[in-house]
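S.K.: Sequence:
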Amino acid sequence: MGPSVPPEPGRRPLANRSASCPQPAVIPQLSGCDHIGPTLDHPSSIPNEAPSAPQTSAVSRQGPIFQSFQPSAGTGSDEQIPAEWSDMDFSWILDDVQIAGDTEDLSTPLDDATRLHCLWLFFTNQSASGLEMNIARFHERLESSNEEDRPHPALLNAIASPIQSVRMREQYFLRNVEVSLQKAFREQKRLPKIMLDLLRAEILLAEYMWTYAREAEVKPTRIALAACFDQIPSSSDVTPSKVTHLRLKRNPLFLPPNDAIDIADRVYAFWSFVLLDICASVASKMPINIDLFTIKTPLPKPWNAYMGPTSDLQSDRRLTDIFRPNPPPIQSDFGYIIQATFLLHVASLQLLERFPLADQDSSTSPVETSLKGSWAMQRSNQSISRKDLSTAVDRLVQETPDRLRWKGVRTAQGVTTPSSAISLYFIVCSTRIHIADTNTYQVSNDSAMYHVRRMIDSIRLLEPAQNAQLGLAIYILWDLAALVLLREIKRLRRQGNDIAFEKVVAKGDSLGLAVVTLEADLDFLIGTLTVLSIDRPLLLEEVQGLARLRDSPPSDVDPDDDGMRNDEPTSENNPSSVSAALLTTP
1 MGPSVPPEPG
11 RRPLANRSAS
21 CPQPAVIPQL
31 SGCDHIGPTL
41 DHPSSIPNEA
51 PSAPQTSAVS
61 RQGPIFQSFQ
71 PSAGTGSDEQ
81 IPAEWSDMDF
91 SWILDDVQIA
101 GDTEDLSTPL
111 DDATRLHCLW
121 LFFTNQSASG
131 LEMNIARFHE
141 RLESSNEEDR
151 PHPALLNAIA
161 SPIQSVRMRE
171 QYFLRNVEVS
181 LQKAFREQKR
191 LPKIMLDLLR
201 AEILLAEYMW
211 TYAREAEVKP
221 TRIALAACFD
231 QIPSSSDVTP
241 SKVTHLRLKR
251 NPLFLPPNDA
261 IDIADRVYAF
271 WSFVLLDICA
281 SVASKMPINI
291 DLFTIKTPLP
301 KPWNAYMGPT
311 SDLQSDRRLT
321 DIFRPNPPPI
331 QSDFGYIIQA
341 TFLLHVASLQ
351 LLERFPLADQ
361 DSSTSPVETS
371 LKGSWAMQRS
381 NQSISRKDLS
391 TAVDRLVQET
401 PDRLRWKGVR
411 TAQGVTTPSS
421 AISLYFIVCS
431 TRIHIADTNT
441 YQVSNDSAMY
451 HVRRMIDSIR
461 LLEPAQNAQL
471 GLAIYILWDL
481 AALVLLREIK
491 RLRRQGNDIA
501 FEKVVAKGDS
511 LGLAVVTLEA
521 DLDFLIGTLT
531 VLSIDRPLLL
541 EEVQGLARLR
551 DSPPSDVDPD
561 DDGMRNDEPT
571 SENNPSSVSA
581 ALLTTP
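The UniProt record's numbering numbers the first residue of the sequence shown as 1 and each following residue consecutively.
I should point out that these hints are in silico values taken from the structure, not numbers from a laboratory. From a predicted model like this one, the values you see are computed outputs, not experimental measurements. Among the hints, a few may not be true.
As the list claims (entries may be wrong) - Subject to a maximum C-alpha distance of 27 Å in a straight line, what follows is the list of computed DSSO-like cross-link-like pairs (lysine-lysine): (1) K193 x K219; (2) K219 x K249; (3) K296 x K285; (4) K249 x K193; (5) K219 x K296; (6) K387 x K407; (7) K387 x K296; (8) K189 x K249; (9) K296 x K193; (10) K387 x K285; (11) K189 x K219; (12) K183 x K193; (13) K296 x K249; (14) K183 x K219; (15) K285 x K219; (16) K249 x K183.
Could you put together the complete structure from these sequences and hints?
M.R.: Laid out in structure tokens, this is it:
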């Protein structure tokens, strides 16, 4: 592409021909490890640099926040952009140039050229969303003369755009998506054929809702289960065995795939939904909507594998194969992200089972009992010990290819670390934190704190542009790590009893120095997340809660401590503090 230069007034920089897109495109979206490699030294007791938020103004000025809730699998897709799009220079759009006039009616449909621009941006900035699809097949359908073969209007309206002038039409496209979905579910004869498009539209809508801290994963769950996208028997068998086919055909909304690319589109859409559901569950500590241990659909392979010989599609990898010795290899970056997030989910469940109130039946509320039962149902007939989980994490780290290995250290000048490698690093690191966390205020949490501080030291090394490429789910993992750090700070302060604490620090007391060092790390992390929370309502809520907890008295993190001083303020008379229960399940 050439330099980023806005087109002449009234002119669109189409290369060879005019665009012809039959439906309005785009609904704007507000945004979007244990280390792999040689062992790092334990972080020093005193940070080498002062805590400060990364300077992201240069990045944010290039365009509005456009980011998925899911961790990014990066832009390293092996798909080819259609030839009709490859020669187009749309780079001027990224400079936040207004496509539509300020006085234009925001409910007016986009013109054909602008629609094509937005589709081009979506597919060439794939890290902006966790949803992938076969670009060539989508383009083929887009150009079809048969209206029923074209992408469904719900999907076209749900495709996100980073363009500010398009984001101004947010409510217009949101209404279009909702109306299109309502109409689609009433089209009984056509419904089996459009289930994939409806699932994609619901995924994009759920991603959008999550940026506003609203859960919307139930509908995509129903669609995925109704269309049997969770029971895809193989990556290569377009015509499964008679027994499998009969079992799937019991569901009237199941439609056999046409070819391997059709299978690939279903596999990628399904796992995109599952990844979103898991990330939302880990963040909210609410049960997921699908039983992960009953999924038969194989993990996604590289796109070119589905377009090559059938032999390339053999050796399917299943989600739970990670707990078996010598499992088939994972073949795609997306597959590694899914597998790591699954292990994080299992670790999160195990941490909840170690929740101190779980053994106190007399004080357990009906809501807590219900939640505990829901998680227990998800893991029925499944017995995964902490040792098995740690072994699975080690196995995943060992089989990770070099292209996805980031050691949590600053890369050499000119070397670019893909966002998928950075995301994988933080997911595995967060899993280690969950496994090691003591989940109590009464004893030290050294093992979990080791991984927390390694995570923070790694965040310090990220460039602003790298920060901006990570998914919103990764930022939530940083917030959860900050809660573990904050709990340890309050525990240490409580241990010091806050008596002449500053004098103790001045004398070089080890306890005081530890607290000061950890507080510096916490201030850095809160500062970083504060900058990243701009235009991200979900993250903003988390950061505000974190800041309130930091300013609350130490007694708020240990409600069972009878040694609280009478003159010490509590959460009941301190409006700036938050219930310590938030800290018990990081």
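S.K.: Does each hint hold? Answer for all of them.
M.R.: Going down the list of hints, with the structure as the test:
1. K193 x K219: holds, 17 Å
2. K219 x K249: Holds - the C-alpha atoms of K249 and K219 are around 21 Å apart, at most 27 Å.
3. K296 x K285: At roughly 25 Å apart (the allowed maximum being 27 Å), K285 and K296 satisfy the hint.
4. K249 x K193: Satisfied, since the Cα-Cα distance of roughly 14 Å is no more than 27 Å.
5. K219 x K296: Judged against 27 Å, a Cα distance of about 20 Å means the pair holds.
6. K387 x K407: holds, 24 Å
7. K387 x K296: holds, 25 Å
8. K189 x K249: Holds, at roughly 16 Å.
9. K296 x K193: holds, 22 Å
10. K387 x K285: Status holds; Cα separation ~22 Å.
11. K189 x K219: Holds: K189 and K219 sit about 20 Å apart, inside 27 Å.
12. K183 x K193: holds, 14 Å
13. K296 x K249: holds, 16 Å
14. K183 x K219: Answer holds: K183 to K219 is near 15 Å, not above 27 Å.
15. K285 x K219: holds, 19 Å
16. K249 x K183: Judged against 27 Å, a Cα distance of about 24 Å means the pair holds.
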